[in-house]
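Below, each chain spelled out in residue letters.
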Amino acid sequence: MKISGANIKAWSRLGQRGTLFGIGLPELAAEMDNLSVLSADLAYLSGMDRFIKKYPDKFIQVGIAEQNMMCVAAGLAMEGECVVATTYASFIAVRSLEQIRQNISYPKTNVKIIGSSAGVIAAKSGVSHWATEDLAFMRALPNMTVISPADSLETLKAFDASLKINGPVYIRLSGGLDCPIVYSEDYDFKIGKINLIRSGSGIAILSTGLMVSESLKAADLLMDKGLECSVFDVHTIKPLDRENLTEIFKNYSLIVTVEEHNVIGGLGGAIAEFKATQAHSPRQIFIGFNDEFTKAGSQRYIWDLVGLTSEKIAKKIYEELGAAL
Amino acid sequence: MRQINCSKEKINELTEMARRMRLAGLDMARSTGNKGAHIGGSFSCMEILAVLYGEILQLNPNNPEDPDRDRFLPSKNHCTLAHLPALAEKGFIPHTELTEFQKDGGRLTGYPKNIEIGLEYSGGSLGMALSVALGMALVKRKHNSKARFFVLLGDGELNEGSVWESFMFASQYHLDNVVAIVDRNHLSYDGNTEDVMSVGSVKEKLEPFGWNVIDCDGHSVADLLRAFSEIKNGKPNMIVADTIKGKGVSFSENNHQWHHHALTEAQYEQAKIEILAHNSEV
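So the protein sequences, as listed, match chains A and Z.
Start counting the first sequence at 1; every next residue gets the next number (our numbering).
Start counting the second sequence at 1; every next residue gets the next number (our numbering).
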């Protein structure tokens with residue numbers, strides 16, 4: 001894959017899912033004799049056309065049968081295949097959770113689970129198609145690495161890195177087409193490493209997925225009001241970057257976690273669990289779905305309802321800080 | 001398919017193997033004290049496992065990771081009082097270790113996977129092992145391996161929706177290196193399968209799914225050998241073994257309360273006498 005400014009723009013238009021399956025997969029498959037890719041009747045929607053055409057023997061259609069898919073994936077991996085299994089995050093994380101627990105997490109099988117359309121991009125399809133608890137479910141499984149990329153380039157790098165480790169990985173793909181760009185050509189991705197995207201002082205915004213770009217915009221808005229924030233991309237929810245977090249807790253007086261996910265069990269929960277064990281443990285504001293299902297509507301409408309737009313994120317931080325001052 | 005030995009000598013040998021396995025299973029159940037064990041669903045599949053481990057499965061305990069070995073995956077993993085004795089018969093584990101199957105942290109405790117001692121799959125939750133075997137079977141077919149996959153399912157397990165997903169998949173991909181065996185003992189935990197949630201005729205349900213289905217008497221070693229010899233190429237195969245839950249011990253036979261139950265010392269002695277006295281196939 002040639003990483004250029006033009007390509008980064010093109011991949012942004014394809015979104016995270018289109019970039020992973022349409023660009024990354026056909027490229028990376030070339031070097032992998034033992035690759036098996038499974039889809040539960042979402043192959044074409046996921047942009048796998050080029051991959052299937054090029055490598056029909058590496059593709060396994062399982063039909064609308066997610067439970068069977070995760071077990072077949074485990075069986076393939078137990079016999080030496082590197083397996084990619086994908087469907088909507090909402091179905092993978094919940095319907096086939098027990099299959100994942102018993103056959104992938106427990107025996108540490110080499111399966112890369114790609115949950116697409118996480119968060120609420122399936123906006124008007126309603127709650128059934130939203131995934132706002134998937135991080136909590138996947139994070140609670142032993143042996144599972146959990147990654148939530150911020151943009152299309154990071155998605156490609158995370159996918160590539162996940163194929164190079166032997167064991168279960170969950171990659172949470174957010175958004176649809178037109179994924180905002182966070183990273184440029186020289187981006188160096190490492191699983192389990194928090195990235196400082198924007199440097200400020202006092203307030204640390206720890207964000208993941210599409211909320212990285214939204215938090216950057218929120219930091220701009222706060223800057224206009226004279227408040228400086230640092231913005232971090234926590235692309236790996238598990239294992240957490242404890243070393244960097246310990247420093248962050250020492251250096252900032254307020255931690256804000258922002259995620260397109262329930263405030264229970266996801267990024268905010270993971271950070272809070274670790275922070276509670278530390279001597280330096282600044283106050284934390286949780287921004288995300290406030291343990292609720294909202295009315296359906298466009299993604300922006302829902303973000304606005306729960307406080308995930310840049311404006312609402314900035315407002316919340318400003319109010320909290322104003323109250324503290 | 002390799003030629004199956006259906007001789008009278010083999011039948012006698014396997015019948016005696018099943019008897020020894022029942023006695024070993026009984027000792028295992030007794031070793032749990034008042035905790036109890038899965039007697040019903042283990043005793044219903046003694047002959048099935050004796051035939052598998054005594055004749056069908058191509059396995060070598062001295063080369064347990066042979067990539068071309070046959071695999072047995074217990075989907076109804078509560079058949080452990082039959083499975084572990086079969087592995088002991090085959091030489092994978094010492095007979096003396098069987099009664100340690102509930103030891104804290106033991107290598108036989110909690111349905112673990114451990115290929116070195118012939119435990120190919122960690123089951124326990126129903127409706128998964130066949131799907132896993134299908135994934136394995138795809139890989140073996142790709143590598144032109146002669147390995148075959150034998151999966152033991154319970155009849156109550158057919159209530160799980162996920163097994164029907166796997167039935168469709170096996171047929172779609174023509175996985176003829178997979179054999180599902182249904183221990184049709186007509187009882188699940190709460191009672192008769194037809195009262196709890198009717199399973200009906202497995203053959204009539206599965207044939208339209210594209211499976212080759214063979215009915216047999218699951219307590220007749222000779223009939224089981226016949227069933228395994230009728231396995232066909234080109235399709236996934238299923239053997240529906242008609243059995244009696246708790247078979248071989250009068251008080252546990254056809255009694256759903258013995259799905260999981262503790263033995264008194266008197267019951268243990270009686271069961272032992274009945275198993276030793278039993279005279280079949282001869």
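Simulated from the structure, these hints should not be mistaken for laboratory data.
Just so it is clear, the structure is predicted and the values come from calculations on it, not from any experiment.
For every residue, glycine included, the Cβ atom is placed at its ideal position computed from N, Cα and C.
One or more of the hints may lead you astray.
Stated by the list, open to error - Simulated coverage check for chain A against chain Z, where a stretch passes if three residues somewhere in it have a Cβ under 8 Å from a Cβ of chain Z:
1) 57 to 65
2) 101 to 108
3) 172 to 182
A quick look at each hint next to the structure:
1. For the stretch 57 to 65 of chain A, the proposed coverage by chain Z is satisfied: 5 residues have a C-beta within less than 8 Å of a C-beta in that chain, meeting the threshold of three.
2. Check on the stretch 101 to 108 of chain A: 4 of its residues sit with their Cβ under 8 Å from a Cβ of chain Z, so the three-residue criterion for coverage holds.
3. Interface restraint, the stretch 172 to 182 of chain A with chain Z: violated (0 residues with C-beta to C-beta distance below 8 Å; minimum three).
Hint 3 alone, counting from the list given before, is not met by this structure.
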